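Starting from the structure of chain A, add chain B where the hints point.
Protein chains: 2
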Amino acid sequence: MVLQGVRALVFDVFGTVVDWRGGVARDAAPFLARHGAADADPAGFADAWRRRYQPAMEAVRSGARPFTRLDVLHRENLEAVLPDFGIDPAGVPPAELEALNLAWHRLDPWPDAVAGLARLRARYVIAPLSNGNIALMIDMAKRAGLPWDAILGAEVARAYKPAPEAYLRTAEVLAMRPEEICLVAAHNDDLAAARRCGLRTAFVPRPTEHGPGQAKDLSPAQDWDVVAEDFGTLAARLGL
Amino acid sequence: MVLQGVRALVFDVFGTVVDWRGGVARDAAPFLARHGAADADPAGFADAWRRRYQPAMEAVRSGARPFTRLDVLHRENLEAVLPDFGIDPAGVPPAELEALNLAWHRLDPWPDAVAGLARLRARYVIAPLSNGNIALMIDMAKRAGLPWDAILGAEVARAYKPAPEAYLRTAEVLAMRPEEICLVAAHNDDLAAARRCGLRTAFVPRPTEHGPGQAKDLSPAQDWDVVAEDFGTLAARLGL
Chain A
1 MVLQGVRALV FDVFGTVVDW RGGVARDAAP FLARHGAADA DPAGFADAWR
51 RRYQPAMEAV RSGARPFTRL DVLHRENLEA VLPDFGIDPA GVPPAELEAL
101 NLAWHRLDPW PDAVAGLARL RARYVIAPLS NGNIALMIDM AKRAGLPWDA
151 ILGAEVARAY KPAPEAYLRT AEVLAMRPEE ICLVAAHNDD LAAARRCGLR
201 TAFVPRPTEH GPGQAKDLSP AQDWDVVAED FGTLAARLGL
Chain B
1 MVLQGVRALV FDVFGTVVDW RGGVARDAAP FLARHGAADA DPAGFADAWR
51 RRYQPAMEAV RSGARPFTRL DVLHRENLEA VLPDFGIDPA GVPPAELEAL
101 NLAWHRLDPW PDAVAGLARL RARYVIAPLS NGNIALMIDM AKRAGLPWDA
151 ILGAEVARAY KPAPEAYLRT AEVLAMRPEE ICLVAAHNDD LAAARRCGLR
201 TAFVPRPTEH GPGQAKDLSP AQDWDVVAED FGTLAARLGL
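These protein sequence lines map, in sequence, to chains A and B.
Taking full-length UniProt numbering, the leading residue of the first sequence gets 1, the next gets one more, and so forth.
Taking full-length UniProt numbering, the leading residue of the second sequence gets 1, the next gets one more, and so forth.
Next up, chain A with everything else stripped away, as it sits in the complex (with noise of 0.2 Å):
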């Protein structure tokens, strides 16, 4: 049977279950609009924002600074990113800033998502391992109707992905072995991070998380326990 022993499935969600560049391209336009820089690609300066996101959470995994909630890291990273866009962060007034700081709270998850968490539920405690901070993840989830049995991830964990914690703090809160738990991810990379502590992996690629022009985490870069173009699919292949 596919991923016998499994009693928890924890998933990846920027990108794996939500849409976060059209999510946020989407409430940035109006704001670009406003400040002078209609003429800038939304999707662009999505791109742009989540790029600083792996450097602002290294500095927490190397030590440099202590856990900071994404949350803090994001609105850091919106600010620095502004002025690439010539709008001056200091003449935008803080709530308007705070605003498009939450477009994180409000992205769409992929079209399957939803239906496909409610039947991997039925057998599987599922959780987010995102790292999302708790009202991010609530806020989205509540939203969105994304029916997880709790919110997991780097703020319950103290640490970020791909940081062996991460997981193996996930595993100890469950109340699990690390073997009783896999990870769904669209990305390799985590995927990979999670084997190393002992999880089990399910690979559900999402061609276009970077747009159209997508080059990476098309395939599967190792022989992960499950792939599935979907949830739904994953379900299917979990016999729900």
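Derived by calculation from the structure, the hints in this document are not laboratory data.
Just so we're clear, the structure is a prediction, and the values are computed from it rather than from any experiment.
A few of these clues could be false.
Said to hold, decoys possible - Okay, the calculated beta carbon distance ranges per label pair:
#	chain 1	residue 1	chain 2	residue 2	range
1	B	Phe67	A	Gly198	18 to 28 Å
2	A	Ala59	B	Gly63	55 to 65 Å
3	B	Glu98	A	Phe67	30 to 40 Å
Claimed, not checked - Rough simulated footprint, nothing fancy, chain B against chain A, three-plus residues with beta-carbon under 8 Å:
#	stretch
4	91-103
5	130-136
6	142-150
7	166-176
Even glycine gets a Cβ: it sits at the ideal position worked out from N, Cα and C.
Coordinates of chain B only, in the frame set by chain A:
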């Protein structure tokens, strides 16, 4: 409007949402019978086990012991209480002790709880703010159908109620001010501690939590923001 400005309802669980005494007694009865204590009162056994709950957490609250999740404290307390019922824990297979320890994961909700939570969830973020650990709360919720938006509480806050950190760190992860959160509890002392931290308060008495002779928490000890006889009435009082 009642609870104006409140965005999240957090719940005490043992006693407020679920009937711990009835559930533990139900699972303890066959165990006691199997181990030569067939004459023991299972509800009295539940009471005796539970009496060790506050002292065990006090060791953590006082700093005498690092944060230790409730499943571990329950297991230690179980082994400590068995001799009072004539049972030597060293003579019981560990798997059987563990199975009984998980009785706390299998507690039934009070009859109004699931339907009431479903109504409250339409407007508020709802989450346990329990001293129970994450895995315990997940198992309980999946079995009983408690529709939490997230699992919060002592293990996320790394502090046991009524320590202020338990309430204040919960507000922090929710990214809300304390006054935007209301604690729902059947216990006046829990509500008093929450109020000292700035949370709003809703008292839902559970007059049979401690059995037919219950003497405490039958009525409000302060002018809590809301008093309601069950979760359905609470939802109605909030216009839901």
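Exercise for the section: Sort out which numbered hints this structure fails and list those numbers smallest first. Expected result: Hints 2, 4 not satisfied by this model.
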